[in-house]
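J.: Sequence:
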Amino acid sequence: MADTDPGSGSGRSPRLNAAEVTIDALVKHEWGSVLAVLVSHINDLQLAEDVLQDAVISALTHWKSAGIPDNPKAWLLRTARNRAVDHFRRRSSYLIKQSELAILQALQQRVDEPELDSAIPDERLRLMFTCCHPVLTSDAQIALTLKTLCGLSTVEIARAFILPEATMAQRLVRAKRKIRDDSIPYAEPGKRELPQRLESVLGVIYLIFNQSYSCTDYQDHAREALCNEALYLSDTLLDLLPAEPEVHGLNALLYLHSSRRAARFDDAGNLLMLDQQDRKKWDQTSIEHGNRMLKSAVGFSRVGVYTLQAAISAEHAKAMTSDATDWQAIVQLYSHLYALNPSLVVKLNRAVAVSFADGAAAGLAAMPAVSPDVPGRDELASYQPYHAAMADLHARNGSRQDAEHHYDKAITLSGSVREKAYLRAQLKALQDSTNEAVIATIEV
Numbered sequence: 001m002a003d004t005d006p007g008s009g010s011g012r013s014p015r016l017n018a019a020e021v022t023i024d025a026l027v028k029h030e031w032g033s034v035l036a037v038l039v040s041h042i043n044d045l046q047l048a049e050d051v052l053q054d055a056v057i058s059a060l061t062h063w064k065s066a067g068i069p070d071n072p073k074a075w076l077l078r079t080a081r082n083r084a085v086d087h088f089r090r091r092s093s094y095l096i097k098q099s100e101l102a103i104l105q106a107l108q109q110r111v112d113e114p115e116l117d118s119a120i121p122d123e124r125l126r127l128m129f130t131c132c133h134p135v136l137t138s139d140a141q142i143a144l145t146l147k148t149l150c151g152l153s154t155v156e157i158a159r160a161f162i163l164p165e166a167t168m169a170q171r172l173v174r175a176k177r178k179i180r181d182d183s184i185p186y187a188e189p190g191k192r193e194l195p196q197r198l199e200s201v202l203g204v205i206y207l208i209f210n211q212s213y214s215c216t217d218y219q220d221h222a223r224e225a226l227c228n229e230a231l232y233l234s235d236t237l238l239d240l241l242p243a244e245p246e247v248h249g250l251n252a253l254l255y256l257h258s259s260r261r262a263a264r265f266d267d268a269g270n271l272l273m274l275d276q277q278d279r280k281k282w283d284q285t286s287i288e289h290g291n292r293m294l295k296s297a298v299g300f301s302r303v304g305v306y307t308l309q310a311a312i313s314a315e316h317a318k319a320m321t322s323d324a325t326d327w328q329a330i331v332q333l334y335s336h337l338y339a340l341n342p343s344l345v346v347k348l349n350r351a352v353a354v355s356f357a358d359g360a361a362a363g364l365a366a367m368p369a370v371s372p373d374v375p376g377r378d379e380l381a382s383y384q385p386y387h388a389a390m391a392d393l394h395a396r397n398g399s400r401q402d403a404e405h406h407y408d409k410a411i412t413l414s415g416s417v418r419e420k421a422y423l424r425a426q427l428k429a430l431q432d433s434t435n436e437a438v439i440a441t442i443e444v
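The opening position of the sequence shown corresponds to residue 1 in this note's numbering, with each subsequent residue numbered one higher.
Derived by calculation from the structure, the hints in this document are not laboratory data.
Computed from a prediction, not measured in an experiment: that's the story for all the values here.
Hints are not guaranteed to be accurate.
Keeping only pairs whose Cα atoms sit at most 25 Å apart, straight-line, the calculated DSS-like set for lysine-lysine is [to be verified]:
{"#": "1", "residue 1": "Lys428", "residue 2": "Lys409"}
{"#": "2", "residue 1": "Lys73", "residue 2": "Lys28"}
{"#": "3", "residue 1": "Lys281", "residue 2": "Lys295"}
{"#": "4", "residue 1": "Lys295", "residue 2": "Lys280"}
{"#": "5", "residue 1": "Lys318", "residue 2": "Lys281"}
{"#": "6", "residue 1": "Lys280", "residue 2": "Lys318"}
{"#": "7", "residue 1": "Lys347", "residue 2": "Lys318"}
{"#": "8", "residue 1": "Lys420", "residue 2": "Lys409"}
{"#": "9", "residue 1": "Lys428", "residue 2": "Lys347"}
{"#": "10", "residue 1": "Lys295", "residue 2": "Lys318"}
{"#": "11", "residue 1": "Lys64", "residue 2": "Lys28"}
{"#": "12", "residue 1": "Lys28", "residue 2": "Lys176"}
Work out the full structure, taking the sequences as your base and the hints as a guide.
T.: This is how it looks when you write it as structure tokens:
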């Protein structure tokens with residue numbers, strides 16, 4: 001799959017024929033599930049990716065002349081399997097390993113087999129657990145799964161981890177190399193092994209949702225579908241592991257956040273922040289579901305990071321207006337969250353909450369500082385949400401010059417046209433209000 005930013009480009013795309021439209025939709029929505037079946041058969045992630053890519057290229061040529069098959073997904077799977085069979089046959093002319101011979105024989109028997117029997121009911125979820133092998137670090141597990149299964153670009157994954165793109169690219173290469181060099185099998189874990197891989201799987205589903213939800217391109221249907229997929233995977237995981245409290249917590253968090261989707265843009269497609277949204281448009285069914293799951297999560301003996309984030313989202317959901325938000329309660333929840341997960345993002349979000357509870361000056365004092373001498377702190381310099389938050393805090397604190405500096409940085413770092421438009425509007429409003437104050441002073 002191409003490693004491109006869906007939000008980049010001129011906004012125009014050439015007219016696609018029927019075959020290209022079908023293939024484009026398959027790659028966006030079915031890549032992960034087809035790859036999951038291939039990996040479980042081939043037991044080699046890189047080979048599975050290669051043969052599936054070959055099948056997609058073959059479909060572009062074949063379907064234009066022969067027409068689109070009745071079951072395009074099955075056609076891709078069958079063609080990719082045939083490519084894998086050809087691969088093993090070529091290697092069999094040399095000294096083929098017994099394991100490769102066994103895979104070849106199994107593949108020849110499975111050419112027309114559409115699915116697998118498994119304790120995990122969804123192919124994508126199955127591959128998530130498979131990719132999250134404990135021999136890899138947690139971050140490597142999550143990054144590899146987001147790249148391989150979910151099709152997120154290296155840029156998007158790096159942004160989620162607050163890392164330079166080059167650093168994330170190296171991390172992905174190292175993860176794949178370790179899998180190859182250590183001969184780590186891509187075998188589906190047994191049910192007893194699922195809990196030890198759960199934390200990374202939860203992280204993957206959360207980041208899938210977050211990448212799609214935080215997308216600020218109006219009516220981005222691909223991102224909307226990705227958001228719905230994260231909800232579906234969370235529901236499926238809840239059915240699979242109902243005794244795990246953080247599964248309930250994540251499910252609550254996703255539904256509470258999802259409830260705001262219809263209110264995030266105005267009729268013209270302009271981005272609206274939380275305090276600007278029409279809360280009557282928030283989906284009450286999703287809020288009720290989220291609150292039920294949150295109540296279920298806190299009923300367990302331990303409370304985790306997703307449950308605490310869900311509790312924060314629930315505080316917003318129960319406030320009828322932005323002014324009615326209990327910011328002190330949210331600050332306390334962020335303090336508990338930071339104790340469990342002392343990350344820069346949590347500290348940044350807590351500082352924003354402090355600014356609404358105790359004033360902009362208090363919020364600025366609570367913000368993490370950019371420091372080249374502290375590992376990770378220098379990454380804030382290129383983290384767009386940091387500059388957007390700093391700009392707002394300085395503007396509310398009356399520091400125009402600092403606010404303008406951070407608005408300029410946030411605009412430069414933003415990859416979304418609508419996000420840039422929102423930030424430019426905020427900057428212009430700040431400049432206009434300052435100019436009006438100067439004129440008023442002169443007249444007096």
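J.: Evaluate each hint against the coordinates.
T.: Here is how each hint holds up against the structure:
no., hint, result
1, Lys428 - Lys409, "holds (15 Å)"
2, Lys73 - Lys28, "holds (12 Å)"
3, Lys281 - Lys295, "holds (24 Å)"
4, Lys295 - Lys280, "holds (23 Å)"
5, Lys318 - Lys281, "holds (14 Å)"
6, Lys280 - Lys318, "holds (12 Å)"
7, Lys347 - Lys318, "holds (23 Å)"
8, Lys420 - Lys409, "holds (11 Å)"
9, Lys428 - Lys347, "violated (28 Å)"
10, Lys295 - Lys318, "holds (14 Å)"
11, Lys64 - Lys28, "holds (19 Å)"
12, Lys28 - Lys176, "holds (23 Å)"
This entry does not satisfy hint 9, going by the numbered hints stated previously; all others are met.
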